[in-house]
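**Q** Given next are the chains, with one letter for each unit.
There are 2 protein chains.
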Amino acid sequence: MSQVRVALVGATGAVGRQMLQLLEDRDFPVDELVCLADPREEGTTVDFRGEKLTVKGASPAAFEGMDIVFLAVASEISQQLAPEAVKRGCVAIDNSYAFRLHEEVPLVVPEVNAQDVKEHRGIIANPNCSTIIMVVAINPIHQAAGLKRVVVSTYQAVSGAGILGIDELTAQTRVALAGEEQPPEVFQYPIAFNLIPHIDVFQENDYTKEEMKMVWETRKIMHLPELPIAATTVRVPVYRSHSESINLDTEKKLTAEEARQVLSQAPGIVVQDDPGAQVYPMPLYTSFKDEVYVGRIREDISTEKGICIWVAADQIRKGAATNAIQIAETVVKENLY
Amino acid sequence: MSQVRVALVGATGAVGRQMLQLLEDRDFPVDELVCLADPREEGTTVDFRGEKLTVKGASPAAFEGMDIVFLAVASEISQQLAPEAVKRGCVAIDNSYAFRLHEEVPLVVPEVNAQDVKEHRGIIANPNCSTIIMVVAINPIHQAAGLKRVVVSTYQAVSGAGILGIDELTAQTRVALAGEEQPPEVFQYPIAFNLIPHIDVFQENDYTKEEMKMVWETRKIMHLPELPIAATTVRVPVYRSHSESINLDTEKKLTAEEARQVLSQAPGIVVQDDPGAQVYPMPLYTSFKDEVYVGRIREDISTEKGICIWVAADQIRKGAATNAIQIAETVVKENLY
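Respectively, the protein sequence lines represent chains A and B. 1 is the number of the first residue of the first sequence in the numbering used here; add one for each residue after it. 1 is the number of the first residue of the second sequence in the numbering used here; add one for each residue after it.
So that you can see chain A by itself, here it is in the shape it has in the complex:
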């Protein structure tokens, strides 16, 4: 593989740090690596291949001479910086929501629609974490039996809100164990020993934006613009790994055993499904892994043709960093930069 000059914007965040680790672990062919972040973080050091790299303030000029620019920052920052990277001849792989629904921007989960990378015009968008995890798990069922409807309820970890989310759960839990309450800062309400059925802002239809992302983005990734999907997204007091309870209505009848078979052979999935032996996915054990774990595979007994699954995956890895790097690997392999 040819060597690639890489810039990483947001190198000090939860996803950025994870990306650095993965670039190293996956032997991504990095020729040169420039780490960028908010100018206030300039001078921070991060680790890469045993060296300390000094973080610079992100600015368009820093993209000169780069091949691939990863953006792991807020939408408003991506909105400004991704086009600047493209102007300078880079491929921008953007983790934010900013470009995901732009018609000319591919939205890619390599296990599902790697071929869409070929259509890129400079920017490739990395989907929402809950969406990535879901589409990896439901696409094989779609291929085998045709999806008619998706109903999903999520159980989302606090690290979806970054390092501050993690710290808030820890601090609040300590305080709660002492019988006190700590006012929330990151989340809307205390998350320690609680559930919050509210992620991202409410839309006009009373769904949250997180819920609608799962609708809009899934349809785009799967090239099923009419697929009926309803999501309810809930924050839970878990550090890492989102979990999802998914009911799938299918065109063709699939038995649980057939679904298990199909999922076992699908890319990026580990089937953990042996009820008798108490084997099923749990977020504590799917954290720091790159695969999507699928279990509790059953026929949906509320309909003639349907499958229920329970899914867990590390949303910082497969739900963000790993997927972005897989996109970059496709770009490099197909020589699309």
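Worth flagging that the hints you see were computed from the coordinates, not collected in a lab. From the three backbone atoms N, C-alpha and C, an ideal C-beta is built for every residue, glycine too. Fair warning: there could be bad hints in the mix.
[Said to hold, decoys possible] Derived DEER-like restraints, expressed as beta-carbon distance ranges:
no. : chain 1 : residue 1 : chain 2 : residue 2 : range
1   : B       : Gly146    : A       : Asp27     : 38 to 48 Å
2   : B       : Thr170    : A       : Ser75     : 53 to 63 Å
3   : A       : Glu251    : B       : Gly276    : 34 to 44 Å
4   : A       : Glu185    : B       : Glu226    : 43 to 53 Å
5   : A       : Asp27     : B       : Asn205    : 38 to 48 Å
[Claimed, not checked] In silico DSBU-like pairs for lysine-lysine, Cα to Cα no more than 30 Å straight-line:
no. : chain 1 : residue 1 : chain 2 : residue 2
6   : B       : Lys148    : B       : Lys56
7   : B       : Lys56     : A       : Lys148
8   : B       : Lys209    : A       : Lys253
9   : A       : Lys305    : B       : Lys289
10  : B       : Lys87     : A       : Lys252
11  : B       : Lys148    : A       : Lys209
12  : B       : Lys305    : A       : Lys253
Here the structure of chain A is known, so what remains is to put chain B in place on it, guided by the hints.
**A** Relative to the frame of chain A, chain B by itself:
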């Protein structure tokens, strides 16, 4: 109201203690109260109306002269003791699974099927906690629009496993915050900062018994023996109050506003649903309450006629103790003992 002689079997458990408190708070017309438990707990004292009552070992002879016997014990114990209570002329209100599906035993949630109490032949069964909470919330929608299908994913508190479940979450959380892991005793796996998609034993169809209870018991309570229901039940690191994400397919189209209206007027429900003001049910705030809290009321956008709701309620109170006492209140009011 006439005065009633009451025996409470399982007075030292999480549900039993809650029942004592509620008998007092709700001014249940207790003439005499006998507290019973496992013979190993004989001599323990419990509080009632400012007095210390001494717990006796449970035995059939203790039911002599009683009017109502509450059983808040394991199924095997209820199986033995409930018929003994009936033989001695008592009405047995049983919290266990033992008699719930017996044809001649009414299974009652007073907001839904109070009239079934009249059919009792000595035993009245108190449903499963997750089921009680769900039927209170979905029955008004059924009355208004006819239910065609129910899909539910639960988020169940550790106190569903009693006082030991609560203690295990606390102990494991302390240990986890110190970076260690404590082997589980009550649950199958660590529950601190984790989710366990496994409550009660697995059935042949790979659903758990908890999931199938929600199917079987809901159908019986609502007198809808064919209602299609699929449940996925999950233990979460929350102390009290079960939460449920429910998708309802209906015969008639109901708008979100109509559903909100219907639910607001229904018995036993508090609607908390103002997304703009961040108002929705959360288990931390529905604990130690008797009502079922319903929010996140939306049209189900994955189907033409459907409603999504998010529900939370204290499963030790409305999900167990409160419901049992409401049944007893109906028995007393209707003079059915």
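**Q** Honestly, which of those hints from before does the structure not fit?
**A** Hints 1, 2, 6, 7, 9, 10 are the ones this structure does not satisfy, whereas the remaining hints hold.
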